[in-house]
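Below, each chain spelled out in residue letters.
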Amino acid sequence: MATLNSKIPTGPLAEKWRKHKTEIKLVNPANKRKYEVIVVGAGLAGASAASSLADLGYKVKCFVFHDSPRRAHSIAAQGGINAAKNYQNDGDSVHRLFYDTLKGGDYRAREANVHRLAEVSVNIIDQCVAQGVPFAREYGGLLANRSFGGAQVSRTFYARGQTGQQLLLGAYSALSRTVGAGAVDLHTNSEMLDLVVVNGQAKGVIIRNLVTGVISRHSADAVILATGGYGNVFNLSTYARGSNTTAIWRAYKRGACMANPCYTQIHPTCIPVSGDYQSKLTLMSESLRNDGRIWAPKKSGDARTAADIPESDRDYFLERLYPSFGNLAPRDIASRAAKRVCDEGRGVGTTGLGVYLDFADAIGRLGEPAVRERYGNLFDIYHEITAENAYKAPMRIYPAVHYTMGGLWVDYNLMSNIPGLFVLGEANFSDHGANRLGASALMQGLADGYFVIPYTVGDYLAGQKSGSRPSTDGAEFKQAEDNVRGLSNRLLATKGKQPVSYFHKKLGKIIWDHCGMSRTKAGLESALQKIPALREEFNATVNVPGSAETLNQSLEKAGRVADFIELGELMCRDALTREESCGGHFREEHQEADGECKRDDQNFAHVAAWEYQGDSKSPLRNTEPLNYEFTKMSVRNYK
Amino acid sequence: MVAVNTQKLFSVTLRVWRQAGPAQPGKFVEYPAKDLNPNMSFLEMLDVVNDELAAQGIEPIAFAHDCREGICGTCSCTINGKPHGPGKGVATCQTYMRSFSDGDTIVVEPFRARAFPVIKDLVIDRAAFDKIQQAGGFITARAGSAPEANALPIAKGDADLAMDAAQCIGCGACVAACKNASAMLFVSAKVSHLGLLPQGQAERDRRVLAMVNTMDALGFGSCTNQYECSAACPKLISHDFIARMNRDYVKASFRSAFKAAPANTSGGGA
Ligand SMILES: Cc1cc2nc3c(=O)[nH]c(=O)nc-3n(C[C@H](O)[C@H](O)[C@H](O)COP(=O)(O)OP(=O)(O)OC[C@H]3O[C@@H](n4cnc5c(N)ncnc54)[C@H](O)[C@@H]3O)c2cc1C
Ligand code: SF4
Ligand code: FES
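Note that the protein sequences, when read in sequence, are chains A and B.
By numbering that gives the first Met the number 0, the letter at position 68 of the first sequence is numbered 67, and the numbering carries on one by one without gaps.
By numbering that gives the first Met the number 0, the letter at position 91 of the second sequence is numbered 90, and the numbering carries on one by one without gaps.
These are calculated hints, taken from the structure and not from any lab test.
The model shown is predicted, which means the values in this text are computed figures rather than measured ones.
In this text, a Cβ means the ideal position worked out from N, Cα and C, and glycines have one as well.
Mixed in with the good hints, there may be bad ones.
[What the hints assert, rightly or not] Derived list of chain A stretches under chain B, where covered just means 3 residues or more per stretch with a C-beta under 8 Å from a C-beta of chain B:
id, region
1, 43-57
2, 170-182
3, 198-205
4, 394-408
5, 548-557
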């Protein structure tokens, strides 16, 4: 049984982080260069961590599977990043951001972590501006804000519809600076395929060079995973195609606990699926809900075009159901509402799986140029994909998989239950509970990398003797390398008939149907039958052409999909055991009369952290109780 | 209901560059691509073709991609001679099959440039771009050292122009489109983005000199003002940034030769 000590500092909520920073152990400047830290991933979390640790003087080795760190999936974030600056004078504060985020997560996150996130949010904006991130500005030259879901203040900073791009390019520039200065040893096209644990501590990784196929061993004093989310378990999602779970999954198989894997986020405003060839779903940023109004026909089966449906026959269902938040209701709530409307036969578009996002009012009120200035690039994307003009007719949108709140379990220091293994960004489970509010993932990634890990990694390293890094000739390294070689050889040797994509699509459908926007006991049980059968079919019939000694994209995909299949099973198991509804986890058996989530704080106010027990045994479910010292767990109300 | 796309399924022939590795010779090979839906993206078409090739025991075509929405800069195909294909202001991944007609032969190659060697088939090595960034594409601001963000107002016009330049996705289409394989558009976008902001002034001279000199050393050609780069750029980055960088470069060279004071620190930029 794993020990899950959250290490939350004592003291008043608002003092915890400050107090912790003063009590934490430090590594003296001259000793820092004697410690080597491996950072896997260079999205917002990894790039900010790698450059910040290098600036402190640690030796840093950074690995990314991308051909450049600038291509990490963070680049695709559109809408914005939250910070409690209160520049709008609309009543925002660290406490309010804390409270909104905690409530948004349906009281399934740790109070202390969320409070720290809100505290450092203000430093993030300062840091990014200093790096040259070109945030939107008002005519007076000061920073502009917009509103996002789940908040009644305007605290979201943005750079047109490309906030993630600009923040990542900022972090990438810091990383590039430290690489150029020789402080970070950067390895691109390098995929981590195993974690090496020596004497119970994370001390290295096994890497495959994706271009040459060469497999290498790397040892370090600490290992940081910042490898992003696992939403591609659904196959169709708003993630980049390459995003995967391999790094955290293989760490799980080395003993790191996987927390709340069933907490996934379905984003309400994405372009609907158009055909079975489809490889990805495109997000239409939540920022559109500032000015767009969501509606569906009142009557089921209404075949008229949007323009022909008069006001009296339209149902602006979010405004009707949630008058105080309206179109800015949180994502899980907005998504389920859209699903219900479509389930009632009121969906629009050829598939009936869509609702309208309408800008006619905004265009009337602000004029088309103002709408174009705010959202032009999103309207362009919509046009490219659908060949439709959203200035003239409303967009059609449908929920799609967007974010994974679950991830590796970490304590307050962002260290997993394997000492020396730290997990940052979307790869950990820490701050978003059962539902993430918009514009808070970018905030968390940068908080972790710029402002948390620089302190907490030192606390761990101070307890390690410098120069005690194990040699890569050790038995643990050899065993891990053999494991990696064995996996690719098995995949290449199967020589079956089915392409990897066949299994990914099948898995995605099982998870979407049974562990998606709404879940039932029966559905999850059937998924738990189907997934092991799919895994067997995969092992027996997958076709992976080519060799391991060159760039082999089929082999890369096969390894990732094999991990997704196993993870999918764990997600369903987690969803089945959590006999309550909370945030993005909606169990049909547990709902209020009006269809809202019915939490069970008596029995489920805890983190479920799954521990691997071997391929043939069921994993162990450990729990970490969520003790709310300062906030009352109440029923989320957005009405 | 919204208009149904009634276009019929159609077929094309692909003439694709196949090259087993960096040191091996490459050649064009033809494959049929059948039953295509006009709403498929170009890369989705390649996915379908690849599954068919694999089923026939032929190794799938290696191609680079990730976000599939025009922002990561990974995709990099030259389609019918045009980097990123026929559309204006879009990347390869934002090219849809509705841009082609039944019976077309579509020629697909990797971006070609001396500084971007082919790794395999349609995949190229663009590490040179990272090296240019590492030489100077940053503002030095260690975490923890930043002043209050609103202490430094920036005129909206300057911020907007900086953002126009900052949108570059680092794809390299500009290099592939240029007959000299020059990287001037890419480099000028970064130099201008940072040089337009007051925060970027302290390192302005150093940055432009280091980035341009590194670019030259990495084997990119020189700019002869043909502006094929801007036309191929998926973000339509303006070639005006090249002129801006040239001015910066001259001034910086002058100042560094005479070791005079650094560039003005009042912000806004020349
Ligand atoms: C379309 C879209 C829009 C979004 N918009 C917003 C928004 O407006 N606001 C907001 O707050 N959030 C948004 N999000 C969420 C947010 O972008 C992500 O949660 C966040 O960027 C994740 O950052 P990260 O650093 O944790 O991971 P990533 O950016 O995914 O980076 C992962 C890194 O790990 C590397 N990696 C992964 N596995 C391996 C391995 N095995 N070996 C080596 N390297 C590996 C990759 O190369 C990459 O460098 C959006 C998400 C999507 C999908
Ligand atoms: S300037 Fe344009 S074409 Fe060149 S790398 Fe940037 S985005 Fe690509
Ligand atoms: S795949 Fe990301 S820009 Fe084309």
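To see whether the hints hold, each was checked on the structure:
| no. | hint | verdict |
| --- | --- | --- |
| 1 | 43-57 | holds (count 4) |
| 2 | 170-182 | holds (count 7) |
| 3 | 198-205 | violated (count 0) |
| 4 | 394-408 | violated (count 1) |
| 5 | 548-557 | holds (count 4) |
Checked against the numbered hints given earlier, this structure breaks hints 3 and 4; the rest are met.
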